Amino acid sequence: MSEGELRGVLLTHGSLAVGLIDAAERVAGPVVRDALLPLSNEGMDPTAIRSALEELAGASPIVVFTDLPAGSCAFAARAICDGRGTRAVVCGVNLPVLLDFVFHRDMPLDELVPRLVEKGRAGLVGRMPGGEGT
Amino acid sequence: MTISLMRVDDRLIHGQVVIGWGARLDPVGYLVVGDEIAASSWEQELYRMGLPDGARSEFVAVEDAPAAIQTAGRESGGWIVLFPSIEVACRVARTGALRGAALNLGGIHAGEGGRILLPYLQLAAGDVERLVEMRALGVEISARDLPDSADVPLDDLLR
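Line order of the protein sequences matches chains A and B.
Note that the numbering used here gives residue 43 to position 43 of the first sequence, counting from 1, and the numbers run on in steps of one.
Note that the numbering used here gives residue 9 to position 9 of the second sequence, counting from 1, and the numbers run on in steps of one.
No lab work stands behind these hints, which were simulated from the structure alone.
Among the hints, a few may not be true.
[As the list claims (entries may be wrong)] Distance ranges between label pairs, derived from CB positions:
{"id": "1", "chain 1": "B", "residue 1": "A102", "chain 2": "A", "residue 2": "P129", "range": "40 to 46 angstroms"}
{"id": "2", "chain 1": "B", "residue 1": "V28", "chain 2": "A", "residue 2": "R121", "range": "29 to 35 angstroms"}
{"id": "3", "chain 1": "A", "residue 1": "R115", "chain 2": "B", "residue 2": "A61", "range": "41 to 47 angstroms"}
{"id": "4", "chain 1": "B", "residue 1": "Q70", "chain 2": "A", "residue 2": "L124", "range": "43 to 49 angstroms"}
[To be verified] To list a few chain A residues with every Cβ distance to chain B over 10 angstroms, as calculated:
{"id": "5", "residue": "P30"}
{"id": "6", "residue": "P46"}
{"id": "7", "residue": "E55"}
{"id": "8", "residue": "A70"}
{"id": "9", "residue": "A74"}
{"id": "10", "residue": "R84"}
{"id": "11", "residue": "G85"}
{"id": "12", "residue": "P96"}
{"id": "13", "residue": "H104"}
{"id": "14", "residue": "E111"}
{"id": "15", "residue": "P129"}
{"id": "16", "residue": "T134"}
[As the list claims (entries may be wrong)] Facing chain A, from chain B, some residues (calculated, C-beta under 10 angstroms):
{"id": "17", "residue": "I13"}
{"id": "18", "residue": "V18"}
{"id": "19", "residue": "E43"}
{"id": "20", "residue": "Y47"}
{"id": "21", "residue": "L51"}
{"id": "22", "residue": "T95"}
{"id": "23", "residue": "G107"}
{"id": "24", "residue": "A110"}
{"id": "25", "residue": "G111"}
{"id": "26", "residue": "V128"}
{"id": "27", "residue": "L137"}
{"id": "28", "residue": "G138"}
All figures in this text were calculated on a predicted structure; none of them were measured in a lab.
C-beta: ideal position from N, C-alpha, C; glycine also.
The shape of chain B in the complex, shown without the other chains:
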């Protein structure tokens, strides 16, 4: 499966993803999963403005994500898959579509009251349980905001 990066990042397509990771991985496209973004053409347009020339993009609802990820995985060149939250990633993981995949936690800003694990990881209520659930579903989870930052495995995050 040629998914270059599967990432949870509430800012979706932004500088860290396109420049920080994209320049390193050179993906053919960016697949964004989320019911709200899939239903909003104006938001999709704004996100597309942040893509490099020639990069493709797909915005799919959660129920369509397993098939879209499978299709993207068959393409040569690699895709970056983006989830806006751990909750959305977990919903997809429950379908079995993420078994064996590596999930990168790259940017979650739950705000006041959130559990701060790292400067770029402030988890919302229930997120720890969802991460544990995804691990049990065969998803390998670690945190890293940028390619040259330290990769922090889930066990270390939850210690």
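In isolation and in its complexed conformation, chain A is listed as follows:
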């Protein structure tokens, strides 16, 4: 992973981050390993979560992906990213979001983040019992 290249850190409850990255790699291949890092909030208080996230982030530009828009993961992500021009947060991560991120990391953050949010929303598709879409 080269210094200065945009990376994603998945900060989630339990082992969701590891599972999502594993799933992304099965779809997109080893390129995922250069792009995404997992972090769980398991067993950590809010200060420890922030420290661990800061350590993973380092000096590189990052997008922090969290599972929920509120709670300890989102809190830590917002705390270390807000006001930092090379850091952004995307909450409610799903697999379509990660796959799009991996292949569009060269986009400017102010274009990439809205794109990722739209990809995430578009990835939610419902089918009713009668076969109609939602």
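Assemble the complex: chain A is given as a structure, and chain B must be docked to it using the hints.
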């Protein structure tokens, strides 16, 4: 006193509290006690984002907690009171404000060197003494992370 839940949880307002307990208890609001959080408007804003629509929130310093808890207790509907640490809860307990109350230990992650009593309870130095002190002050203490988990009384925790 209609306090639905009085809980020590270092993550304060988060999924387990709002969804795990809140969905069951349906409180009118969440009262957070702590000097640091009471002084930080941006942290309060982040915590409020985790609340369900219509839920109220109050963030009070330790010295204001007895009065705030008493006020919340007079309201119908019930409040959830949250302390970020056993140390903060003990400071409030010393005022007498928690006499007769049930204190839930729901999530303490002291990290390396902490005394691990349960997967969600890693106590910091001095916490055992504070728990014993609060019990002597008339506070009923037990541990339970979620409503359907086993309730573990203090005596069993310290055995």
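Structure-based check of each hint:
1. A102/B to P129/A: 40 to 46 angstroms: holds (45 angstroms)
2. V28/B to R121/A: 29 to 35 angstroms: Holds - the Cβ-Cβ distance for V28/B and R121/A, about 32 angstroms, lies within 29 to 35 angstroms.
3. R115/A to A61/B: 41 to 47 angstroms: holds (43 angstroms)
4. Q70/B to L124/A: 43 to 49 angstroms: holds (45 angstroms)
5. P30: Answer for P30/A: holds, closest chain B Cβ roughly 33 angstroms.
6. P46: violated (6 angstroms)
7. E55: Holds, since 14 angstroms exceeds 10 angstroms.
8. A70: Contrary to the label, A70/A does not stay out of reach of chain B, its closest Cβ about 3 angstroms off (not over 10 angstroms).
9. A74: A74/A is in fact no farther than 10 angstroms from some Cβ atom of chain B, at 7 angstroms.
10. R84: Correct as stated: the minimum Cβ-Cβ distance to chain B is 14 angstroms, above 10 angstroms.
11. G85: Nearest chain B Cβ is 18 angstroms from G85/A, so the label holds.
12. P96: P96/A clear of chain B: closest Cβ-Cβ about 23 angstroms, beyond 10 angstroms.
13. H104: Correct as stated: the minimum Cβ-Cβ distance to chain B is 27 angstroms, above 10 angstroms.
14. E111: holds (25 angstroms)
15. P129: holds (26 angstroms)
16. T134: Per Cβ check, T134/A is outside 10 angstroms of chain B; nearest 22 angstroms; holds.
17. I13: Since chain A brings a Cβ to about 8 angstroms from I13/B, closer than 10 angstroms, the hint holds.
18. V18: holds (8 angstroms)
19. E43: Since the shortest Cβ distance to chain A is 8 angstroms, the answer is holds.
20. Y47: Hint holds; Y47/B Cβ to chain A Cβ min 7 angstroms, cut 10 angstroms.
21. L51: With a closest approach of 8 angstroms, the L51/B hint holds.
22. T95: The hint is violated - T95/B has no Cβ within 10 angstroms of chain A, the shortest such distance being about 25 angstroms.
23. G107: Holds - the Cβ of G107/B comes within 10 angstroms of chain A, reaching about 9 angstroms at its closest.
24. A110: With a minimum Cβ separation of about 7 angstroms from chain A (threshold 10 angstroms), the hint on A110/B holds.
25. G111: Check passed: Cβ of G111/B comes within 6 angstroms of chain A, closer than 10 angstroms.
26. V128: violated (18 angstroms)
27. L137: violated (25 angstroms)
28. G138: Status violated, d = 28 angstroms.
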